[in-house]
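Undergrad: Got chain A; can you put chain B with the ligands on it based on the hints?
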Amino acid sequence: MRILCPCCGERDAREFTYCGDASRVMPALDAEADAWAAYVWGRKNPRGPHEEYWQHAHGCRHWLRVTRNTETHEILSVLLEGPWRARHEAKDPR
Amino acid sequence: MAKYSIFSLVLNSLTRHRHWRPAWRKAEPRPEYDVVVVGGGGHGLATAYYLAKEHGITDVAVLEKGWIGSGNVGRNTTLVRSNYMLDQTVPFYESSLKRWEGLSHELNYNVMFSSRGVLNLAHAPSQLDVFTRRANSMMLNGVDAEMLDTDGVTRLVPNLDTSPGARFPVVGGLLQRRGGTARHDAVAWGYARAADRQGVDIVENCEIEGFLREGDRITGVVTRRGEIRARKVAVAVAGSTSQVMALAGIEKLPIESHVLQAFVSEGLKPALDTVVTFGAGHLYISQSDKGGLVFGGDLDGYNSYAQRGNLPVVEDVVSAAVAMFPCFSRVRLLRHWGGLMDMSMDGQPIITKGPLDGLYLNCGWCYEGFKATPASGWTFAWTIARDEPHALNAPFRLDRFRNGYALDEKGRGPYPGHH
Ligand SMILES: Cc1cc2nc3c(=O)[nH]c(=O)nc-3n(C[C@H](O)[C@H](O)[C@H](O)COP(=O)(O)OP(=O)(O)OC[C@H]3O[C@@H](n4cnc5c(N)ncnc54)[C@H](O)[C@@H]3O)c2cc1C
Ligand SMILES: [Zn+2]
Numbered sequence: 000m001r002i003l004c005p006c007c008g009e010r011d012a013r014e015f016t017y018c019g020d021a022s023r024v025m026p027a028l029d030a031e032a033d034a035w036a037a038y039v040w041g042r043k044n045p046r047g048p049h050e051e052y053w054q055h056a057h058g059c060r061h062w063l064r065v066t067r068n069t070e071t072h073e074i075l076s077v078l079l080e081g082p083w084r085a086r087h088e089a090k091d092p093r
Numbered sequence: 000m001a002k003y004s005i006f007s008l009v010l011n012s013l014t015r016h017r018h019w020r021p022a023w024r025k026a027e028p029r030p031e032y033d034v035v036v037v038g039g040g041g042h043g044l045a046t047a048y049y050l051a052k053e054h055g056i057t058d059v060a061v062l063e064k065g066w067i068g069s070g071n072v073g074r075n076t077t078l079v080r081s082n083y084m085l086d087q088t089v090p091f092y093e094s095s096l097k098r099w100e101g102l103s104h105e106l107n108y109n110v111m112f113s114s115r116g117v118l119n120l121a122h123a124p125s126q127l128d129v130f131t132r133r134a135n136s137m138m139l140n141g142v143d144a145e146m147l148d149t150d151g152v153t154r155l156v157p158n159l160d161t162s163p164g165a166r167f168p169v170v171g172g173l174l175q176r177r178g179g180t181a182r183h184d185a186v187a188w189g190y191a192r193a194a195d196r197q198g199v200d201i202v203e204n205c206e207i208e209g210f211l212r213e214g215d216r217i218t219g220v221v222t223r224r225g226e227i228r229a230r231k232v233a234v235a236v237a238g239s240t241s242q243v244m245a246l247a248g249i250e251k252l253p254i255e256s257h258v259l260q261a262f263v264s265e266g267l268k269p270a271l272d273t274v275v276t277f278g279a280g281h282l283y284i285s286q287s288d289k290g291g292l293v294f295g296g297d298l299d300g301y302n303s304y305a306q307r308g309n310l311p312v313v314e315d316v317v318s319a320a321v322a323m324f325p326c327f328s329r330v331r332l333l334r335h336w337g338g339l340m341d342m343s344m345d346g347q348p349i350i351t352k353g354p355l356d357g358l359y360l361n362c363g364w365c366y367e368g369f370k371a372t373p374a375s376g377w378t379f380a381w382t383i384a385r386d387e388p389h390a391l392n393a394p395f396r397l398d399r400f401r402n403g404y405a406l407d408e409k410g411r412g413p414y415p416g417h418h
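Protein chains in written order, with numbering that gives the first Met the number 0: chain A, 0 to 93; chain B, 0 to 418.
Bound-form chain A, shown alone (with noise of 0.2 Å):
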């Protein structure tokens, strides 16, 4: 497997870090136990394209948003995650 890294260019999987599921959103720090119990605990963990985080942990270090399918590992996108998102709005990987 190999990730386009918007910074570094196409790169072996090795290179990166896996850090999970990218689509979960942190509640407020005052809401219920609830929200934050379905934050920490629930995933949709979906058999088909799946919005995760990976770092170029061996490469520039960034944060990547990447969405990868699950069942044939296509690299669907990959963003840069941070302020330098706007800037590197990521072309179409492929």
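Simulated from the structure, these hints should not be mistaken for laboratory data.
Treat the hints with care, as some may be off.
Claimed, not checked - In silico contact screen, one side only, chain A against chain B (beta carbon under 10 Å); selected entries: (1) M0; (2) G8; (3) P45; (4) E51.
Unchecked claim - From chain A, some residues computed to sit far from chain B (all C-beta separations above 10 Å): (5) C6; (6) V24; (7) R84.
Being a predicted model, the structure only gives us computed values, none of them experimental.
Ideal Cβ placement from N, Cα and C applies to all residues, glycine included.
TA: Same frame as chain A, but now just chain B with the ligands:
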């Protein structure tokens, strides 16, 4: 279906083995059952068997998407042990180990359970301390555990590199002698046959595509082969849990699906008569009765439904194996494959009534599901029959996460890929 015995073997050999009957009927689904079990893996089949045997509920169907043995029950590395640490987990896995010890007789099917011992290696004094704590906890729960020093390890596993020059020198280990291996296919076939003999219908090629419901109550399933009504529907589909539960409208569960690979080498003469796990990375290795080395290591590392493995993990696992056993370095790999693991948020399963009326859920097995098959089936059957958990599975509730009772043996937090 005739009982297997020395007489049936002699009789059939006299007639040149032409008259053996299939081990279970190819049942056609009926429109209605007391209990429908979704998923014909080890857990679904064991559940059906114990429903019939222990609770007299024989109007049961097991609906399997593919064929019996196509899921993780036929893909695992067959390790059976009860070397856990928490007061909630040890009794459960120990009850399972006790069932393994009598399982071949119980099922009238040779599951080839072999108590060859499971040895966890420690590579640092602090790791040995952690193992000692676990051993103490096991013994307090009445489970056998032994601590070995380096010499003890060398005597037990002479082919292991225990020299001070090893990549990760071995300082000792935790041994559970009653642990071991079993033949995974035989467990699926044995439970299938035993359930069938009790009157359970085993329906293969029968994927669930939806649920029948009246209001909030589940009243049956929609399958490729038509609708089937049931008083109770029990789901035990391992890596497909999120998909099947989404059909019932449950969008989020404390589960992620990850791929775990297993590896088998070419056949060798007997070289390893126990199970050894590596403590400096993640690897477990044993030798099958056929002679192949059977081993595995970490998950591939990201959510996956691919049912095949990636190459970095192959390299990682094989290099750990060779670091432990340099004498295996020229052995050739014969096969490797992957299975879909239902990884839970604390590394422990969920065996529960609900989350909807008429529905029962068994999932979250991580690495533990094969060894747990007898106890999982037994406690799940109890829960289905009596509408309440047995003491052994009461801690494995779905709401334990929400309520702060997660059973995280190693304190790794809500990262399913890390358990
Ligand atoms: C490589 C590997 C190594 C492992 N090693 C060990 C080990 O050493 N020790 C240990 O204890 N555990 C081990 N495990 C874990 C263990 O194998 C599993 O936890 C356990 O087998 C899961 O329960 P099961 O047997 O019921 O699952 P499965 O056999 O996967 O059964 C689930 C069944 O549900 C069916 N299904 C899915 N969707 C549907 C649907 N919509 N309708 C109908 N049926 C459906 C599937 O086809 C499948 O047959 C390992 C797993 C893997 C993959
Ligand atoms: Zn980069």
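Undergrad: State for each hint whether it applies.
TA: Structure-based check of all given hints:
Look at A/M0: its Cβ gets to within about 6 Å of chain B, closer than 10 Å, so that hint holds up. The criterion of a C-beta within 10 Å of any C-beta in chain B is not met by A/G8, whose closest approach is roughly 19 Å, and the hint is violated. Interface restraint check for A/P45: the shortest CB-CB distance to chain B comes to about 7 Å, inside 10 Å, so the restraint holds. Given hint, A/E51 at the interface with chain B, holds; its Cβ is 7 Å from that chain's nearest Cβ, closer than 10 Å.
The non-interface label for A/C6 is consistent with chain B: the shortest C-beta to C-beta separation is roughly 20 Å, beyond 10 Å. Distance check on A/V24: its Cβ is at least 13 Å (rounded) from any Cβ of chain B, clearing the 10 Å threshold; non-interface status holds. Against the 10 Å criterion, A/R84 stays outside the reach of chain B, whose nearest CB is about 22 Å from its own CB.
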